[in-house]
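> What follows is each chain in one-letter form.
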Amino acid sequence: MTPLLQVDAVSKFYGARVGCADVSFDLYAGEVMGIVGESGSGKSTLLNCLAGHTPPDTGAVRFDTRADGLRDTVTMSEPERRMLGRTDWAFVHQHARDGLRMNVSAGGNVGERLMAVNARHYGDIRGKAIDWLDRVEIAEDRIDDRPTAFSGGMQQRLQIARNLVTGPRLVFMDEPTGGLDVSVQARLLDLLRGLVREMNLSAIIVTHDLAVVRLLADRLMVMKDGHVVETGLTDQVLDDPQHGYTQLLVSSVLQV
Amino acid sequence: MSDYNFAYLDEQTKRMIRRALLKGLAIPGYQVPFASREMPMPYGWGTGGVQVSAAVLTPDDTLKVIDQGADDTTNAVSIRRFFQKTADVAVTDATSQATVIQTRHRIPEQDLRPDQILVYQVPIPEPLRFLEPSEVETRKMHSLEEYGLMHVKLYEDISKHGDISTSYAYPVKVEGRYVMDPSPIPKFDNPKLEMSAIQLFGAGREQRIYAIPPYTQVVSLDFDDYPFQATKADTACGLCGAADSYLDELIVDDAGGRMFMCSDTDYCAGRRRAGCVGAFGVPYAEDVA
Amino acid sequence: MISVENVSKSFVLHNQGAAQIPVMEDASLTVAAGECVALIGASGAGKSTLMRMIYGNYLTASGRIMVGDLDVASATPREVIALRKHTLGYVSQFLRVVPRVATLDVVAEPLLHTGTDRADAHAQAKVLLTRLNIPQRLWSLSPTTFSGGEQQRVNIARGFAFPYPALLLDEPTASLDPTNRETVLAMITEAKARGAAIVGIFHDQAARDAICERSVDVTAFTPQVAA
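Chains as they are written, first to last, in this note's numbering: chain A, 1 to 256; chain B, 1001 to 1289; chain C, 2001 to 2227.
In case anyone wonders, no lab produced these hints; they're calculated from the structure.
Incorrect hints may appear among the rest.
[As the list claims (entries may be wrong)] Incomplete in silico selection of chain A near chain B, CB under 7 Å:
{"no.": "1", "residue": "Ala29"}
{"no.": "2", "residue": "Pro79"}
{"no.": "3", "residue": "Gly107"}
{"no.": "4", "residue": "Gly111"}
{"no.": "5", "residue": "His121"}
{"no.": "6", "residue": "Asp144"}
[As the list claims (entries may be wrong)] Just the calculated beta-carbon pair ranges, DEER-fashion:
{"no.": "7", "chain 1": "A", "residue 1": "Asp57", "chain 2": "C", "residue 2": "Thr2030", "range": "47 to 53 Å"}
{"no.": "8", "chain 1": "B", "residue 1": "Ser1143", "chain 2": "A", "residue 2": "Glu38", "range": "36 to 42 Å"}
{"no.": "9", "chain 1": "A", "residue 1": "Arg97", "chain 2": "B", "residue 2": "Ile1027", "range": "46 to 52 Å"}
{"no.": "10", "chain 1": "A", "residue 1": "Asp98", "chain 2": "C", "residue 2": "Asp2120", "range": "39 to 45 Å"}
Cβ atoms here follow ideal geometry from the backbone N, Cα and C, with glycine treated the same way.
Next up, chain A with everything else stripped away, as it sits in the complex:
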């Protein structure tokens, strides 16, 4: 079976400093990969390299495109990569403001990706937007409100709806619950779990929060100083950590 994403020896350096070094893994449809590490571990750098936001210095990021099979997105032309970013890929930012248009209504935000791939029927677009707002538990009567009128959790859920409306196959998430209240986090994680399962999504989630990966990720990569120090099944890495750093991370989590 072809992997959906094949990451091959991806590295990024900032002069002599290591952003991320020699990262390789395969991701299949329906799998969720968590990447954990503390600040400075290189996890966000890696995510940006994978999602096409920054070009890596070495390595390939091959994606199984619908039309041409496995293609290296690093060497793809920019228009192709941008098209991928609007259709098969999605990116959920830590701060909803980075992933939304704050001066456009919620319906417009959700509809934008549809209009970007030539949806031209207002009624249909609005109908889909309402459907998606409902799926992320935003009331229909908020469809014409701007995100500035939403709470942080609602903004984040709107960001998710906006990204998932075109049925992407791979979602990149950068600290999706960072900065949210604990109860709001729980709700969001629950929603993400449901959507990932329903839509058979693959996802790569970067976070420093081990509870998030336990809940959402099938597999886990632990990063330190730009290197992957341990990788495997999430529950195995968290319950039977092998590397000293992982053991330290796991034992540092406060039990409530």
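On the provided structure of chain A, position chains B and C as indicated by the hints.
Chains B and C in isolation, oriented as in the chain A frame:
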């Protein structure tokens, strides 16, 4: 003869502008950057249009200048006098007699001919500007033909007002490729953008030139279930009775009495000369104005 | 169905001066379809550890653990995930759930995960919950607020929702009253009857005697530590 070079600008500047114009005509709807000069009028008063006119005028041309359709507003008069002084060209109010027409925010009612040039004054050339403030990003969107955002604007209109409420500067797609801002002409004028004359657009402050060659396809953006409609006030001109021209509304007394009249003064005058009389009008011969 | 072959494990605590703790050496056992094998031994002898190794939750240092055709000890994460979905079920000692999810959805999840449609999955979940005496008024609530016994029964319902060919049960009858205990033993018997291979940890001798064909004492696999 004046102390100015013909039409104020030096020959090198005109050459630079002409190059930009040719490029604009070769790529209809594409915004060509140009080195906009300091003109003897402030930004926002038509410097882009003036520079384009200056570059295309020849001593044999006849110039007409209109502002919201009228020949006699302060701005139209100033610009017309400017070219009389610096280029000594013939000027006219009659659309049919002009070879170069500089306009602010309207297209003349009568059809233009292949030997005429229409020069538009443009405030903000970038149709995506209000939704995407970054110039780097809008340039990319144009080059990659990523225009989904344009429809977001129309979507927002419908969701707020029940209809596409954009009534002027209504965005169009030119020759199936570039999305363009036709300058703040009323949407009623959009269908006229497909014409036999050459159309040149100049934005002085923003330093952009764009163009539409004759017989180019220009389609106003819309949704399948909210098609574009070229609307105007649902009445006829009070002076000449025209039912098919764009109308200005005029308050005529302290009691709120109002009257509608053709925005295109030459068109209206022509109809009245031919004997047409509207509800508030008087026959032409008796009219002093 | 399940075959543990010469398996060993030790823990290395890097942050405690790299202390090495060997916990298992040369462990072997087999479980055939329709059999229930009990793991016995003193507390801390390694019963749960062995069970977790079979499930892939703990890594195996050496040896093989065959579940069906897959060697869990050397399998890739993908293979283990697929195994846990379709083949190998695990009822842990304590219920661990995502907050906010209703009991009915918790129990239905293994079915939903393998493609059963929502209505069917919920119907089957309701049958199980009724059988385990979880009152209907609790079905729409999250089990995180339930009593220990109720939580354990929800845990068991979830473990038995999907007809796994192999099942691992860690103290399934602990914290249950006699009636519910009998129900769970009956469910295990039914699972055996349909051919499931079961490994169980029961501190309750009577339960062990009732449903397990054999017992395996894990103390036999404890490494001999030099005095």
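> Please verify that hint: A:Pro79, Cβ, nearest Cβ of chain B, below 7 Å or not.
holds (5 Å)
> Quick one: are B:Ser1143 and A:Glu38 within 36 to 42 Å, going by C-beta?
holds (40 Å)
> Starting from the range 47 to 53 Å, see whether the pair A:Asp57 and C:Thr2030 falls in it by beta-carbon distance.
holds (51 Å)
> Against chain B, with CB atoms and a cut of 7 Å, does the hint on A:Gly107 hold up?
holds (6 Å)
> Have a go at the A:Asp144 hint: is there a Cβ in chain B nearer than 7 Å to its own Cβ?
holds (5 Å)
> Holds or violated: A:His121 as interface residue toward chain B, Cβ cutoff 7 Å?
holds (5 Å)
> Is it true that the C-beta distance of A:Arg97 to B:Ile1027 lies inside 46 to 52 Å, as the hint says?
violated (36 Å)
> Have a go at the A:Gly111 hint: is there a Cβ in chain B nearer than 7 Å to its own Cβ?
For A:Gly111, the interface hint holds, since the closest Cβ of chain B sits about 6 Å away, which is under 7 Å.
> Is 39 to 45 Å respected by the C-beta to C-beta distance linking A:Asp98 and C:Asp2120?
holds (42 Å)
> Would the hint on A:Ala29 stand, with a C-beta cut-off of 7 Å toward chain B?
Since the shortest Cβ distance to chain B is 27 Å, the answer is violated.
Comparing the model with each numbered hint stated earlier shows that hints 1 and 9 do not hold.
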